[in-house]
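Build out the structure end to end from the sequences listed, making use of the hints.
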Amino acid sequence: MVGLVISLLEPASKGSPQSLNFEWIPQLGLHVTLRADSFGLFIALIITVIGAGIFSYTSEYMGDDSGTGSIIGWLLFFMASMLGVVLADNIVLLFVSWELTSISSYILIGSNHRDPEARAGAKTALLVTAIGGLSLLAAVVLLGLATGVWNLSELPPMHDHPWVLSIFILICLAAFSKSAQWPFCFWLPGAMAAPTPISAYLHSATMVKAGVILLARMHPILSEHAAWTPTLVLISSASMIVVIFAILKATDLKALLAHSTVGALALMVCLIGIGTSYALNAMTVFLLAHACYKAPLFLVAGSIDHAVHNRNINALGGLANKMPYTTITACLAGISMMGLPPMLGFAAKEMILEAGLSYAPWLIALITVLVTAFVMVACCVVLIPAFGKNQFLAKKAHESPWSMLVPMLLISLIGLFSGLGLSPLERYLIAPAVISLGVKPTALGLWHGFTPHLALSALAILAGWLAYSKRHVLYKRIPILPSGLLIHDIIWNAVLGFGRSLTRIIQNGSLTSYLGTTIIVTCALILYAWVQVDAPTRPSLVQKITLAELSAGLLIMASSLATAFARQRLPAIAALGSMGMGMTLFFIVSQAPDLALTQFLVEILAVVLLVVAFRHLPDFVGEPIKIQTGRLVISALTGLTMMVLTLVALSTDYGQRVSLWHGLNALKQGHGANVVNVILVDFRALDTLGEITVLSIAALGVGVLMGSLKQTKKEAT
Amino acid sequence: MKSSPILDITLRWLVVLLGIVSFFLLLRGHDEPGGGFSGGLLAASAIIIVTIAYGADAGRKLLHFQPLSYIAVGLLLSVLASLFQWDTAFMGSLWITLSLGFTTLKIGTPLLFDLGVYVVVLGVVSSFVLEIESVVKTKKEGR
Amino acid sequence: MSVLLILPILLPLISASLGILTRQHVVAQRWVSLLGITTYLIIGFVLISQVLDQGYLTTQVGGWQAPYGITLIADLLAAIMILFTGLIGFSVLLYSLMSSKHKQGDFSPAFHPLVHFLLMGASGAFLTGDIFNLYVCFEIMLMSSFALMTLEGRAEQTEGAVKYVVLNLLSSAIFLAGLGLLYAKAGTLNMADISVISQQAVADDKAGPIRLAGLLFLVTFSVKAGMFPFFFWLPASYHTPSVPVSALFSGILTKVGVYALIRLHTLIMPGEVLGHKLLLILGVSTMLIGVFGAASQMHIRRILSFHIISQIGYIVVGLAIKTPLALASAIFFIGHNIIAKGNLFLVAGLASDSVGSEKLHKTGGMWKAWPQLGLIYLVSAFSLAGFPPLSGFVAKFSIVWATVESKLWWVMAAAIFTGLFTLYSMIKIWVEVFWKDHPDPNRDLTVGKDSKRLVPVSLLALITVFIGLAGGPLFDICLRAGEQLVDPTDYILAVLGKIK
Amino acid sequence: MEIIMSLVIGVCYACAVFLLLQKRLLQIVLGIALLGHATNLLIFVAAGLHGDSVPIIPQGSEILALTAVDPLPQALILTAIVIGLALFGFSLALAYRCVAVLGHDDIDQITHTDSLDDPVSISNNKDS
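Chains as they are written, first to last, in this note's numbering: chain X, 3 to 719; chain W, 96 to 238; chain Y, -18 to 481; chain B, 15 to 142.
In case anyone wonders, no lab produced these hints; they're calculated from the structure.
Here a beta-carbon is modelled for each residue, glycine too, at the ideal position from N, C-alpha and C.
Hints are supplied without guarantee of correctness; some may be wrong.
Here are the simulated distance ranges between beta carbons [claimed, not checked]:
(1) 73(B) with 548(X): 20 to 28 Å
(2) 304(Y) with 363(X): 52 to 60 Å
(3) 66(B) with 116(W): 42 to 50 Å
(4) 394(Y) with 491(X): 16 to 24 Å
(5) 18(B) with 116(W): 33 to 41 Å
(6) 18(B) with 635(X): 20 to 28 Å
(7) 279(Y) with 75(X): 28 to 36 Å
(8) 503(X) with 394(Y): 18 to 26 Å
(9) 422(Y) with 317(X): 29 to 37 Å
(10) 36(Y) with 635(X): 50 to 58 Å
(11) 447(Y) with 670(X): 52 to 60 Å
(12) 122(B) with 353(Y): 41 to 49 Å
(13) 427(Y) with 311(X): 25 to 33 Å
A partial selection of chain Y residues facing chain W, derived with a Cβ cut-off under 10 Å [unchecked claim]:
(14) -6
(15) -2
(16) -1
(17) 1
(18) 4
(19) 7
(20) 9
(21) 42
(22) 94
(23) 422
If you want a taste of the chain B side facing chain Y, the calculated C-beta under 10 Å gives, among others [stated by the list, open to error]:
(24) 52
(25) 82
(26) 109
Set out below in structure tokens:
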């Protein structure tokens, strides 16, 4: 993997990046387009090199746990998707890979899934990054539809498109949530419930940088918008302030590192926000430096945890003798983090200070304080476990095996050597990467002479040392800020609570209310539409009324009223029967002999069924009419609506009836004189086939309900 | 229920009569009111009467086969009737006129289809009644 | 071509009838059933390939020319629906055939016939070109679903069935009333014919009565589809029947309702006869209320049931936007949802068999006990939540695309919000059933492991992955289907042979 | 006539809905039956009451008289009646089952499957 990435470096640095392209869902702009440009490869190199180290470390760290294999599998999956994020040229593919990193990190964070904290941490991490993912989805669609271009390398700078602000906001949401910036910074410490090597990989070296990478990629496209610099700088400053407080409060090694990671990411976001070519150079260098010191520090924390099963800085101490190589690693990485020469961290820090200085004095103050905090963190990680006074835990300690030590050492040595060998680094990696971001490279150097920022950094280191030695005092003085996690929980719970009450109201379990709602809404829709649209009724239609017709109508009306208001079952059934007779009568007088015959037979059957079955249904005494106002109103509303509908139906029609054809052809082609029957068994025989199917199913259903079609294991008792 | 000879004889004749009338309804349905559905209902009413008079077992005996078998056979009959003109049109009808000397008889696949309807309706309605009646009976005996 | 169109209706009918005849011979019945569904599935494939080839397949039942008889017509949408119905039907039957419960004869002999009747009703609804026939097919489907729901006769099934039956019967009555009104005005039942008449009526500014009929249909189909504010029956009943039945219902029943909505909106009442704003608002509220309901539940299948509602909302939004792309995404969503949601129900069944409950606070430990099942769950759940590269991603992505294209920002926001909460409830199930320890440490979770039943479940999971990976060509088909729907002229031509 | 019939239809629907909204399952089943009648009536009346002979081609004639009643709605209603019978039979059986399993037919107590806060498990009650 590493070799592959390196082999791609050569053409990329010459300005002709390799690319790969095939179609996936071209209708939606989704092509699998990978483009190995120098910036992408630069990150890919970090991902693969550190990944290789982490794999080796993890397999030892997890031991013979049966889950190791699957964790390595998920790690590989994660690495692949992360490479997708950095190498994707198609923005939809970028989104796809982005989401894949979310999924795989979710599973990885939750590896210790029997621990409730791990589950909660994983959930929070996933939900927060999912907010970002969904924003990115929207941003990608907006971006693509606004420009018609789906490849990052071809996207034109946008500043006057009406959507640009929304796109920018969405991109920011995505980037800030992924890179744990304020106000989303709370998920990262929670995610530290993951096994330490996974934290080292995901939450320091790679995944959290995806947001930074996204912003860097969007820099050429969106940075001309007026909101770019202020937003990024302000948000990152807010993150830094939160981080400083959090660091002073933290006692857990991993939490310390996690908070400092948020700070480092904030620095990167800030640099991208400043957006000058010098700042971007600084960001690139810092990105490398951070990866090279933070991953080993995490691994050191992991080794300590592995050895003494404790990560609390107040309980650790005296491990330098027992774990010498771990201590060396810690020192190397720590020095880089403190920004002392000759490590890469020093070069990066100097550049950051210089970039900050060129922007605003208040910002530089903030950065200085942050660097101070870094120094303190580094001291905590390096000095306390190695030389601290609490030595009782150290008795059990043992040095980690080589398969864990080697990767740690190697990665931290990269920090050292790249600090020493800046010029090849510049030539092969940094400069091409920066160029592919669209800005001019700056010469790197460890020593810039005595400049204001050198003084600043010296000041910061001193202050950091002071803060470290006085940390117990500070610890007590620092006020507790409302935690973002708490706010997150409050919001979620509020929304969920709202959902619950809504569900409780809507799905309240009462069939009557369901029916009522359905009926009221339907009637309201119909009546509203009737008023709105031109639906003529024809109330003046007159036909002669025969006595027979009238009496049929009255019989129907009377028996339906009787059914409705019957207060006991027997009268109700009798009334229903008389209703059927009324229908039969009506069909007879309306020239529908087939209907009359069928209705008559069906009615008899229905009454028989009712009479046979009713012995089993409890009798009822209808409620008094007085308290049924609501029901009466709904019923009246329905009656009114249906009356209106009937009258609408009776207005002039559109002058066509297919049944004319039926009348003409029943005998000639259907060989029958009873047109209704010919329609049923010939013209529309499929309906009849369906109808007898319904009957058959009903018989099956009744069989099921009555128990004769049930084959339970035991015979029904 | 205690059986009385008069009831027995009346019912026997009634059942035969209902059977014949229902078949008649089925046959004439194509030209006059009637058809498979009303025919089937009428035939089933014979089963209903017997069931109410003598109980579910008597009804079952009169049917000879289980109601569900009637249903399945009826459905298959209707399907069969619809397949005669397979090559040109599904459910296409086919008519033959038989000359019986004194009268001509029209026989067509729609008639077969209607017969299927008749059988299904007979099966379904008897199944309704028999199911409910037998449950009622077991309940009564259980008490 | 008539054979191909009639077979999806006739074949299940024959299988069901034979199933009734063989009800006392369990083995014979199972073979009949399996053979029937396999043939159905094959026909589904043949049908879609033919339709892709020719655009439309029509046949006039009985040889009676349209609009006097009943027309069967398959356009791409119908063919897609048939195919997916076949896929889910096949998997569900396989699942129930492979369950060890089945061997003990715990299943009712009515199960297989009823499933085939259900398939018959669904295929009829997809293929028919006649609105009264659509009603009959709805009733076939409804009746068999009633019976399937109460198959085991448990108390909760009866309770659920009462609500299900009554509300659906109400909707059927509304449908019939609409039919009466429509026939009184238009004098025809053929949907293509109605389309012509209603277009004419709109042109003449006399469409009022047809609009009213359309509204009645809208209510009916919304009830069947489980749309706000008509979905009450669904959460009350969908979690009560046996697992395969739930899966089948989730795959087929509501989708037929949505299918009918699509037909109503694109064919029967084309143009702006029904306000698209109304549909859009209903769709968005359905989406949100469904997902809220799901987030509130603590029972696997209740959560899944509410998600059905919310996803119907997505589909309806696609329909309301009504561009070819939006319709394509709605169709894609239907297909994806049939597979992914059906599979989730089946997986839920397997898991709850092992852990002994569907209530989330009584489950746990499955990730360790049965990792393969966990993986399959993850695939389906993340697909439902719309994560790439699974089928749900394409569906969600295209819907968002369609909303952006039409500049419906609030709809897009709602869709995205819904996506977040879908994810929330999916991982809620994941955490509670798979990750956390089982509350009873002594329970042996491997007892319910039934590797044979992993076959249908993995099959569906593979289809989900396949739909995602082969999204390009499949989306192409959906786009073509969408274009067919947007302009019904060819449909009308195929049915009537002429434009009046 | 039409006006009277539309009034009749309205009353039928109102009564049906009134029954549907009652508390007892048996009343709801009756309401369903009534709803079916009302709907059949609606279809019949909506299609028109103008026509003065039955839709049967008289002996010796080749075609149906133009003044005959429209046969198609009758065919539709016939189908609807049959389907209505099936549904009625099933709902009756369901009502019976409900009483057998739950011991009551009170709609207001049938809330266990979908109320949010109902921890009372009725699923243990496997069968009657």
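Of the hints given before, which are not true for this structure? 3, 19, 20, 23, 25
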